[in-house]
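S.K.: Spelled out from the first residue to the last, the chains are:
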Amino acid sequence: MMHPAEYYQRDRRIHPPALTPDYKTSVARSPRLALISLQGSVSETTGPVFGHGDLNPIDNDLIKNYAKDGDPVGERIIVHGRVLDENARPVPNTLVEIWQANAGGRYRHKKDTYLAPIDPNFGGCGRTITDADGHYFFRTVKPGAYPWRNWVNNWRPAHIHVSVFGHAFCQRLITQLYFEGDPLIPHCPIVQTIPDPDAIDRLTAKLDLNATVPLDSIAYRFDIVLRGRRSTMFENRMEGN
Amino acid sequence: MVVDARNNAPHYLRESASQTAGPYVHIGLAPGAAGFKIFDNELGWDIAGPNAKGQRIRVEGCVIDGTGSPVKDVLIEVWQANADGTYVRHEEGGARVEEGFRGWGRVITDFETGEWGFDTIKPGKVNARAKMASGVAGKVRDTHPDWQGRADENHAPMAPHLNLWIVARGINIGLNTRMYFDDEAEANATDPVLNLIEWENRRATLIAKHSGDRDGMPVYRFDIRLQGDNETVFFDV
Ligand SMILES: [Fe+2]
Numbered sequence: 001m002m003h004p005a006e007y008y009q010r011d012r013r014i015h016p017p018a019l020t021p022d023y024k025t026s027v028a029r030s031p032r033l034a035l036i037s038l039q040g041s042v043s044e045t046t047g048p049v050f051g052h053g054d055l056n057p058i059d060n061d062l063i064k065n066y067a068k069d070g071d072p073v074g075e076r077i078i079v080h081g082r083v084l085d086e087n088a089r090p091v092p093n094t095l096v097e098i099w100q101a102n103a104g105g106r107y108r109h110k111k112d113t114y115l116a117p118i119d120p121n122f123g124g125c126g127r128t129i130t131d132a133d134g135h136y137f138f139r140t141v142k143p144g145a146y147p148w149r150n151w152v153n154n155w156r157p158a159h160i161h162v163s164v165f166g167h168a169f170c171q172r173l174i175t176q177l178y179f180e181g182d183p184l185i186p187h188c189p190i191v192q193t194i195p196d197p198d199a200i201d202r203l204t205a206k207l208d209l210n211a212t213v214p215l216d217s218i219a220y221r222f223d224i225v226l227r228g229r230r231s232t233m234f235e236n237r238m239e240g241n
Numbered sequence: 001m002v003v004d005a006r007n008n009a010p011h012y013l014r015e016s017a018s019q020t021a022g023p024y025v026h027i028g029l030a031p032g033a034a035g036f037k038i039f040d041n042e043l044g045w046d047i048a049g050p051n052a053k054g055q056r057i058r059v060e061g062c063v064i065d066g067t068g069s070p071v072k073d074v075l076i077e078v079w080q081a082n083a084d085g086t087y088v089r090h091e092e093g094g095a096r097v098e099e100g101f102r103g104w105g106r107v108i109t110d111f112e113t114g115e116w117g118f119d120t121i122k123p124g125k126v127n128a129r130a131k132m133a134s135g136v137a138g139k140v141r142d143t144h145p146d147w148q149g150r151a152d153e154n155h156a157p158m159a160p161h162l163n164l165w166i167v168a169r170g171i172n173i174g175l176n177t178r179m180y181f182d183d184e185a186e187a188n189a190t191d192p193v194l195n196l197i198e199w200e201n202r203r204a205t206l207i208a209k210h211s212g213d214r215d216g217m218p219v220y221r222f223d224i225r226l227q228g229d230n231e232t233v234f235f236d237v
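Top line first, the protein sequences correspond to chains V and D.
Residues in the first sequence are numbered from 1 upward in steps of one, following my numbering.
Residues in the second sequence are numbered from 1 upward in steps of one, following my numbering.
The shape of chain D in the complex, shown without the other chains (with noise of 0.2 Å):
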């Protein structure tokens, strides 16, 4: 915030306004799948890394426009804690999470069929009481923890989850929602998030199925409907 010294008014910048992806997002940040190798280090393929501990998992959909037909050229991007339920930070140097862990990663489509999948580990509990940002600093927050009452005020952790951000062709700012486990349901149940969604059916759009396992891995199934019957639960975050 910048003070306008004449008149002693804050002065705050407005944010960028959005615009769409378009259909070739894929070459700014998928360049291998627009048909290219351009950069050394591709970013985005190995969510976890090779040292993340937990159960590692695959997850598979796709995603559904409001005709039934599936967007072919939608890119999501996925960012998730670790096993331990802890983010990667920008604020705290020192490796809290395995290195080579990142929790972030890309994912895009068979250009033919829309479907997609990706490789990662199954995010733990995140503690919402202890790590949702309140704006205070640690101190008071300790000993005033549920000072504010927020969307943790039942001060049940977040159940496992998967955050993720879904860009294309037609959608006009990105798309924010959560993916949770089906084997989960008790922390589903007092998970503080799907618990702000008043309508109790919608909140099964955010929950993926244990579908089968393939190579020693659980394997989830989770579709996402960006508009029509059972429209997935997007956030403003």
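Excised from the complex, chain V in its bound form (with noise of 0.2 Å):
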């Protein structure tokens, strides 16, 4: 019987740390003590399964998925990309998550009471599993820059909130997509929790001419790169990657 094999120890110089005090909600919610360090048992290398049958064909479609009598306003873009992990190979059948603002950039939730309005044909979340290539595709609208309460002038950029699993519960990720080209990257002090620019620069979706729909949809692409598993030389051959 195969047992599932460890994970590369998670590289925590490309993550933001937990405490970054110009995020200010972060400073009364993150750890003062160092995290202890375990060996992946298997309640880390294991993971929930999910399966097509969890899911909907149309819950990948924000722009049809809660339309009442129409389709949302905003720029429809297709989001599409892979899921890798870091032995560049596809991590396939894993669920995908995404949330995002409408967009004017004002999100469907009772606690959001930006003056934007909501869109009465905009749920503003998805989800579907990746194909045998790790391949996943999501169309929505592009979301809008909103406001919020950091600094007295903070503005987020244009982004959808993106959950991935992969096969390991210490795999488990929740990130954010950029935009390319957005000025607002910068400034943001969420994004500028992350302290190397090549780890930004790899959350900002590129734009991807070839995959637009003419005449309907532009185009994003967007690859996540989960954490890798080991491999060992034991009985001549490799294992877990």
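Please note that the accuracy of each hint is not assured.
If we take Cβ atoms under 7 Å as the criterion, some of the chain D residues that face chain V in the derived model are [to be verified]:
no., residue
1, A17
2, P31
3, W45
4, W79
5, D84
6, Y87
7, G170
8, N172
9, I173
10, I207
11, V237
Non-contacting residues of chain D with respect to chain V, defined by C-beta distances greater than 10 Å in every case (computed) [said to hold, decoys possible]:
no., residue
12, A21
13, T113
14, G117
15, L175
16, A187
17, P218
18, T232
Output of the computed footprint for chain V on chain D, the stretches with three or more beta carbons under 8 Å from beta carbons of chain V [claimed, not checked]:
no., stretch
19, 22 to 28
20, 190 to 201
Everything labelled a hint here was simulated from the structure, so no lab data went into it.
Just so it is clear, the structure is predicted and the values come from calculations on it, not from any experiment.
We put the CB at the ideal spot given by N, CA and C, even for glycine.
Using the supplied hints, reconstruct the complex from the two chains, each of which is provided in its own coordinate frame.
M.R.: Here is the structure:
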């Protein structure tokens, strides 16, 4: 019987630290003591399994999945890419979930009170399962920038929240997708919690003209990389990657 | 891993950086809680399913920030084994767990109080040695079960526990912790993970208290302190 292999240690230097004072909410919500390093046990190297039976086919189409009497307002976009691991291998059959504000920068959430209006035809969330090559795609409208209470005048760049599982609980990741060329990116204290400029660039979806649908939707490419598994040379076979 | 043909150097990708789940995480992961219905099947509401063997339990708690205030917009994911100590697996098809047992769920708070609770079954001990991932195929591992002398060096199983992953506005990267049970003192005493924690007084932060019974189910209380006095142990997994 095969047992799940361990994963490469997480390179914490590319992730935001817990305490990032420019993002004020982190100050009281960040542990002060060091994380205890844990060699991956089966509790970390296994993870939940999802199937197509859990989803509806329309779940990845945010233009249609909450439409009541027409399409939502906004720039029609396709967001697509692959979920890969650090070994550059595709991560198939994994759940990808997204959520976002509407084109005006307003969330459909009872706690969001921004003055931009709710779009009656836009829910703002979607989900899909990657195919055998790790590919996923969503159709949506481009979210608007919105103000938030941090400094007196902070604006979030246009972004889509992305949640990915991988195959192990230790691969679990929530991140945000930004859009190439957005002038708000360098000004955002949340983006700038990431210490590595290259890591920020990797969270920036790139215009993908070849994936656009002419006369219909513009496209952006966004690959997601999860932690990779170690291999072993025992028994003359590579396991886990 | 891709090998660069020009110089034979291994080329690894780098993990995507984490970003906070933000205050509106519920839209994506629990839209019902955000105030609207969109998916026919919202995921994560039933951890154990109807057919799970073992003791049905309820777990309740609160996540508390460094000022002592409840974190009202937190979202917690639970990952656990069944009563036999077996996890759902990607690698092995076939039902090794009960039909409908996912072992995973999502927990959201009462937005007014920050209190949360969920129902599940009490997991079994997880055989740390036999199932501790070593990256080695089964045959080698079984003949040399302790060849790497890992966290499981004392060969004890892991005591019953729930794995928790905590995200919220202000949390830049999800926090991993574990919840153990105070009525499993014997198993806890030899648990390889609890014993990894050098500061014995901090181990108690991972142990839920059996606070009573309700509807015939034991209720366990587990408060999570993000910062300050009795800060919960979080793991780099
Ligand atoms: Fe957002």
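S.K.: The structure should be examined with respect to each hint, and the outcome stated for every one.
M.R.: Hint by hint, here is what the structure shows:
1. For the restraint placing A17 of chain D at the interface with chain V, the shortest Cβ-Cβ distance is roughly 4 Å, inside the 7 Å limit, so the hint holds.
2. Using the Cβ-Cβ criterion of 7 Å, the hint placing P31 of chain D at the interface with chain V is satisfied: the shortest such distance is roughly 6 Å.
3. Checking W45 of chain D against chain V: minimum C-beta separation of about 12 Å lies over 7 Å; hint violated.
4. Taking 7 Å as the C-beta contact cut-off toward chain V, the hint placing W79 of chain D at the interface holds, the least distance being around 5 Å.
5. Interface hint at D84 of chain D: violated, since its Cβ lies 13 Å from the closest Cβ of chain V, which is beyond the 7 Å cut-off.
6. Annotation: Y87 of chain D was flagged as interfacial toward chain V, and the flag holds, the nearest CB pair being 4 Å apart, inside 7 Å.
7. Using the Cβ-Cβ criterion of 7 Å, the hint placing G170 of chain D at the interface with chain V is satisfied: the shortest such distance is roughly 3 Å.
8. Look at N172 of chain D: its Cβ gets to within about 4 Å of chain V, closer than 7 Å, so that hint holds up.
9. The interface hint given for I173 of chain D holds, since its Cβ lies 5 Å from the closest Cβ of chain V, which is under the 7 Å cut-off.
10. Proximity of I207 of chain D to chain V is violated relative to the hint, the smallest CB-CB distance being about 15 Å (cut-off 7 Å).
11. This hint holds: V237 of chain D has a C-beta 4 Å from the nearest C-beta of chain V, less than the 7 Å allowed.
12. Look at A21 of chain D: its CB is around 5 Å from the nearest CB on chain V, not clear of 10 Å, so calling it non-interface is violated.
13. Every Cβ of chain V is farther than 10 Å from the Cβ of T113 of chain D; the closest lies at roughly 15 Å, confirming the non-interface assignment.
14. At roughly 20 Å from the closest C-beta of chain V, the C-beta of G117 of chain D stays outside 10 Å, upholding its exclusion from the interface.
15. Interface exclusion of L175 of chain D from chain V breaks down, the closest Cβ pair being 7 Å apart, not more than 10 Å.
16. For A187 of chain D, the non-interface assignment is confirmed: its Cβ lies about 14 Å from the closest Cβ of chain V, beyond the 10 Å cut-off.
17. Taking the minimum C-beta to C-beta distance to chain V, about 22 Å, the non-interface status of P218 of chain D holds against the 10 Å cut.
18. The claim that T232 of chain D is not at the interface with chain V is violated, since a C-beta of that chain comes within 10 Å of its own (minimum 8 Å).
19. With a cut-off of 8 Å between beta carbons, the stretch 22 to 28 of chain D has 7 residues touching chain V; three or more are needed, and the interface restraint holds.
20. Taking a C-beta to C-beta cut-off of 8 Å, the stretch 190 to 201 of chain D contributes 4 residues in contact with chain V, enough for the three needed, and the coverage statement holds.
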